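Based on the provided sequences and hints, a complete structural model is requested.
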Amino acid sequence: METFTYGPPIKQFLKTADRVLFESIYFYKPKKFPWMGPFGRFVLDTSIFENTDYRAEMSKYEFVGEIDPNTGANKIVKAKKLHLTDSFLPLTLKESIGAFARPVGKEEVEVLIRAGFGSHQVFANGQYAMGDVLETENLEVLRLKNYVQAGFEAAIVVQGAFYDKKLTYKVFAETMIPSIRQKEAGDTRSATSLTNAELGAILSFKLFSWASLDYTFKALRQPQLIDEWQLQNMLLLTFAYSYTKKSEVPEAAVDAPAADAPTPEAPATDAPAADAPAPDAAVPEAPATDAPAADAPTP
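Those letters in the sequence shown? Residues 4 to 302, by this note's numbering.
Just so you know, these hints were derived from the structure itself, not from any lab. This structure is a prediction, so every number in the text was calculated from the model and none was measured. Be aware that a few hints might be false.
What follows is a set of in silico ranges between Cβ atoms, one per label pair, in the way DEER data are often shown [claimed, not checked]:
id	residue 1	residue 2	range
1	Lys18	Thr247	30 to 36 Å
2	Val136	Trp38	48 to 54 Å
3	Phe25	Ala200	19 to 25 Å
4	Ser90	Phe208	32 to 38 Å
5	Glu26	Thr139	40 to 46 Å
6	Ala104	Gly68	41 to 47 Å
7	Val80	Thr247	51 to 57 Å
8	Lys32	Asp71	57 to 63 Å
9	Tyr246	Leu216	19 to 25 Å
10	Lys14	Lys168	38 to 44 Å
Once the Cα atoms are required to be at most 25 Å apart in a straight line, the calculated DMTMM-like pairs of lysine to aspartate or glutamate come out as [as the list claims (entries may be wrong)]:
id	residue 1	residue 2
11	Lys14	Asp135
12	Lys173	Asp48
13	Lys97	Glu187
14	Lys83	Asp135
Beta carbons are placed, not taken as given, at the ideal position from N, Cα and C, and that holds for glycine.
Below is the structure:
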């Protein structure tokens with residue numbers, strides 16, 4: 004999902020949403036109990052473009068935890084914009100295995116429940132995120148770090164469609180308690196205080212076969228990355244186009260009825276009849292002879 008805005012007072016294209024999500028999940032459904040069974044899941048979550056914070060006026064960015072050697076306090080940078088993250092960072096990988104149940108499987112309401120063991124790997128070294136506005140009116144900048152977590156994971160998804168699928172909805176919630184995690188010096192937070200949570204809802208109105216009006220809401224909490232709730236609301240007009248080329252079906256061959264064999268005609272000939280002489284043809288004369296005619300015998 005990629006969305007950008009442009010307008011005053013900054014007059015700059017701003018990235019409002021940038022997410023690449025790849026999810027693959029496998030459900031094994033036993034023949035006796037097709038509504039429940041084991042599952043395996045893999046998720047890749049990142050962004051394509053760089054992220055930069057823009058301001059209409061000169062602002063002070065305060066990097067929390069980065070000490071300025073000249074002042075001994077947090078480093079402060081004055082600027083109208085600040086580069087936060089590179090392309091394809093932060094990168095989050097998730098793997099989980101466990102059991103699923105689908106107690107309701109109707110078109111109007113479908114309920115899917117998952118529970119099992121999950122693992123998260125986050126790659127974010129050298130990246131930054133914006134925090135709150137401090138009491139000094141400086142803009143808080145948080146430095147991000149890599150980490151790995153694992154623990155109990157659970158999720159629920161409720162979705163359905165109405166009016167011949169012209170109205171669709173989806174509500175989901177997912178959580179993971181990191182009982183196994185990387186700990187830094189001085190970090191005394193418990194696993195429950197570092198619980199990851201993701202809530203979301205999608206409502207879609209199909210206006211035409213090629214257009215829909217979509218509302219999406221998302222709330223994300225990753226305490227080991229950013230110990231604050233990250234909220235996102237979007238109203239989108241989505242256009243879609245699909246092209247399908249149908250394969251040509253060959254027509255069945257029709258056998259034509261056999262035609263009657265023609266009666267062969269006698270071959271025509273231009274040769275004249277044997278008895279009739281050919282016109283203008285010369286008749287051969289009998290050869291002349293000097294022998295006397297034989298006398299007829301007397302009876």
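Now for the hints, and whether the structure bears them out:
1. Checking the proposed 30 to 36 Å range against Lys18 and Thr247 shows it holds: the Cβ atoms sit about 33 Å from each other.
2. Between Val136 and Trp38 the beta carbons are some 50 Å apart, a value that agrees with the proposed interval 48 to 54 Å.
3. For the pair Phe25 and Ala200, the beta carbons lie near 21 Å from each other, so the given range of 19 to 25 Å is met.
4. In this structure, Ser90 and Phe208 meet the distance hint of 32 to 38 Å, their C-beta atoms being roughly 33 Å apart.
5. Taking 40 to 46 Å as the suggested C-beta distance range, the pair Glu26 and Thr139 conforms, at roughly 42 Å.
6. Distance hint check: the CB atoms of Ala104 and Gly68 are about 44 Å apart, consistent with the given range 41 to 47 Å.
7. In this structure, Val80 and Thr247 meet the distance hint of 51 to 57 Å, their C-beta atoms being roughly 53 Å apart.
8. Evaluation of the 57 to 63 Å hint for Lys32 and Asp71 yields a pass: the beta carbon distance comes to about 59 Å.
9. With their beta carbons about 23 Å apart, Tyr246 and Leu216 fall inside the hinted range of 19 to 25 Å.
10. About 41 Å separates the C-beta atoms of Lys14 and Lys168, a value consistent with the hinted range of 38 to 44 Å.
11. In summary, the hint linking Lys14 to Asp135 is supported, as the alpha carbons are separated by about 24 Å, within the 25 Å threshold.
12. Between Lys173 and Asp48 the CA atoms are separated by roughly 19 Å; this keeps the pair inside 25 Å, and the hint holds.
13. With a C-alpha separation of about 22 Å, the suggested pairing of Lys97 with Glu187 holds against the 25 Å cut-off.
14. Taking the CA atoms of Lys83 and Asp135, the gap is near 17 Å; set against the 25 Å cutoff, the hint holds.
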